[in-house]
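> Based on the provided sequences and hints, a complete structural model is requested.
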Amino acid sequence: MKAHFRQRLLYIGLILLVLTSAMGFALYALRQNINLFFTPTELLDKPQIYGHRIQMGGYVATNSVKYLKNHNITFDVTDRHKTIPVTYQGVLPNLFRAGQGVVVTGTYQKQQGFKALEVLAKHDAKYMPSWVAKKLKEKKHDT
Amino acid sequence: MIKLFKKMITLQGAFEICGQWIPWLALFLVMCLAVGLVDGLVLAPADYQQGNAYRIMYVHVPSAMLAMSIYVVMALWAIMYWVWRIKLAAVALNISARIGAGMTFLALMTGAIWGKPMWGTWWVWDARLTSMLILLFLYLGIIALHSSLPEQSMKAKATSLLAIVGVINIPIIHYSVKWWNTLHQGSSFDFNANNIAASMLYPLIAMLLAFVCYYLLLLCFGMRRYIMTRHADNQWLKQSVMDGK
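These protein sequence lines are chains U and B, in that order.
The working numbering applies: residue 32 is where the first sequence begins, and numbers increase by one.
The working numbering applies: residue 14 is where the second sequence begins, and numbers increase by one.
Heads up, some of the hints might be wrong.
To be verified - Across the chosen pairs, the derived CB separations fall in these ranges:
| no. | chain 1 | residue 1 | chain 2 | residue 2 | range |
| --- | --- | --- | --- | --- | --- |
| 1 | B | TYR188 | U | GLY130 | 58 to 68 Å |
| 2 | B | LEU162 | U | LEU50 | 17 to 27 Å |
| 3 | B | LYS258 | U | ALA156 | 42 to 52 Å |
| 4 | B | ALA47 | U | TYR81 | 13 to 23 Å |
| 5 | U | LYS77 | B | PRO130 | 29 to 39 Å |
| 6 | B | MET167 | U | TYR42 | 58 to 68 Å |
| 7 | U | GLN38 | B | ASP246 | 34 to 44 Å |
| 8 | U | GLN38 | B | PRO58 | 53 to 63 Å |
| 9 | U | LYS77 | B | TYR188 | 39 to 49 Å |
| 10 | U | PHE36 | B | ALA245 | 57 to 67 Å |
| 11 | U | ALA34 | B | MET44 | 42 to 52 Å |
| 12 | U | ARG39 | B | MET122 | 33 to 43 Å |
Calculated from the structure, these hints are not laboratory results.
Just so we're clear, the structure is a prediction, and the values are computed from it rather than from any experiment.
Quick reminder that beta carbons are idealized off the backbone N, C-alpha and C, glycines included.
Shown next as structure tokens:
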């Protein structure tokens with residue numbers, strides 16, 4: 032390779048190196064702001080955000096979903112360490128179900144639990160034919 | 014290989030190679046698209062939790078993957094131009110930016126359409142969605158830069174520099190679902206985890222191949238169009254066109 036080609040290539044390498052490290056530091060410093068939600072454990076550790084509008088994410092605890100009158104719904108959100116009870120009034124997204132990941136927006140108070148204004152459901156990145164899921168369920172029942 | 018490469022970077026060579034590839038790419042595109050669409054939209058079974066709505070992934074996943082890989086390819090064109098000053102690489106860069114912008118837009122649109130019923134929202138400012146939006150802006154920035162500068166070499170230099178700088182966004186998009194907690198799910202392509210049933214995966218691979226062919230086809234058309242409009246007076250070009258190359 033000729034000298035000026037090598038020099039230009041080096042120049043690009045240097046630009047990318049500087050940019051990557053700058054970006055790396057910036058993103059590292061901003062990591063808490065980039066995260067979409069707090070987990071229940073993180074939320075309980077931060078009394079300063081109680082009562083503020085925040086987003087909390089975790090899994091819907093099994094057997095905790097209760098459908099009450101007037102589209103009122105209560106369920107528990109857990110990260111397998113800590114669990115927070117959530118109340119919500121409104122329409123739930125299609126993917127909402129026990130065991131599913133959710134992101135809820137609202138406020139947390141120690142006495143009332145988490146009052147959600149919006150409930151978003153996460154997808155588990157699993158794709159399975161419905162007949163397979165049915166078979167699996169039956170198998171579980173048999174054993 | 015080097016011989017082919019040397020031929021590719023000449024006007025005549027690129028023109029003729031693109032001409033040779035176009036029918037094969039078109040054939041392969043039609044085949045993959047037919048398999049992918051019929052298999053994906055008709056034959057593949059409904060999903061256990063999403064029903065038929067999951068089928069939008071047969072457009073969403075390939076377009077998102079192409080949006081990112083076209084950017085990487087574009088950055089390679091940019092390095093080729095920046096280091097060796099190969100003019101045709103800058104042309105390929107410009108054409109790729111337009112196709113990539115389209116792919117990114119398609120990925121964002123199909124994601125929003127899917128997100129509204131499934132997540133409960135069509136947009137959320139999480140790391141994956143936001144970094145994808147930045148990718149769209151990068152593409153649009155390259156297109157805008159190209160159209161706003163007056164002279165060919167200026168266009169080529171400015172856009173290739175932006176393309177190289179912007180490539181840093183690609184690993185951020187890819188790892189965003191791992192590094193931060195997001196609403197967007199992680200990648201389903203994990204060979205150990207077996208996340209997608211085989212009957213649903215095959216049409217996805219067919220669609221992915223179809224999208225790759227589509228990109229290459231558009232690129233070949235774009236290169237030939239550029240050469241034909243820019244160098245219309247060249248004798249060899251007239252000869253090539255007459256020979257049907």
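> If a hint holds in the structure, say so; if it does not, say that too.
Hints versus structure:
As the Cβ distance of B/TYR188 to U/GLY130 is approximately 26 Å, the hint placing it in 58 to 68 Å is violated. At roughly 22 Å, the beta-carbon separation of B/LEU162 and U/LEU50 lies within the given 17 to 27 Å, and the hint holds. Separation of B/LYS258 from U/ALA156 is about 47 Å and conforms to the stated range, judged on CB atoms against 42 to 52 Å. Distance hint check for B/ALA47 and U/TYR81: the Cβ-Cβ separation is about 57 Å, which falls outside the suggested range of 13 to 23 Å.
Our hint of 29 to 39 Å for U/LYS77 and B/PRO130 holds, since their Cβ atoms are close to 33 Å apart. The supplied range of 58 to 68 Å is broken by B/MET167 and U/TYR42, whose beta-carbon atoms lie about 18 Å from each other. In this structure the supplied range 34 to 44 Å holds for U/GLN38 paired with B/ASP246, their Cβ-Cβ distance being about 36 Å. Between U/GLN38 and B/PRO58 the beta carbons are some 57 Å apart, a value that agrees with the proposed interval 53 to 63 Å.
For the pair U/LYS77 and B/TYR188, the beta carbons lie near 26 Å from each other, so the given range of 39 to 49 Å is not met. Between U/PHE36 and B/ALA245 the C-beta distance comes to about 32 Å, which lies outside the given range of 57 to 67 Å. Between U/ALA34 and B/MET44 the Cβ separation comes to about 48 Å, which falls inside the hinted range of 42 to 52 Å. Taken as a hint, the range 33 to 43 Å holds for the pair U/ARG39 and B/MET122, whose Cβ atoms sit roughly 38 Å apart.
Violated hints for the displayed structure, listed by number in ascending order: 1, 4, 6, 9, 10.
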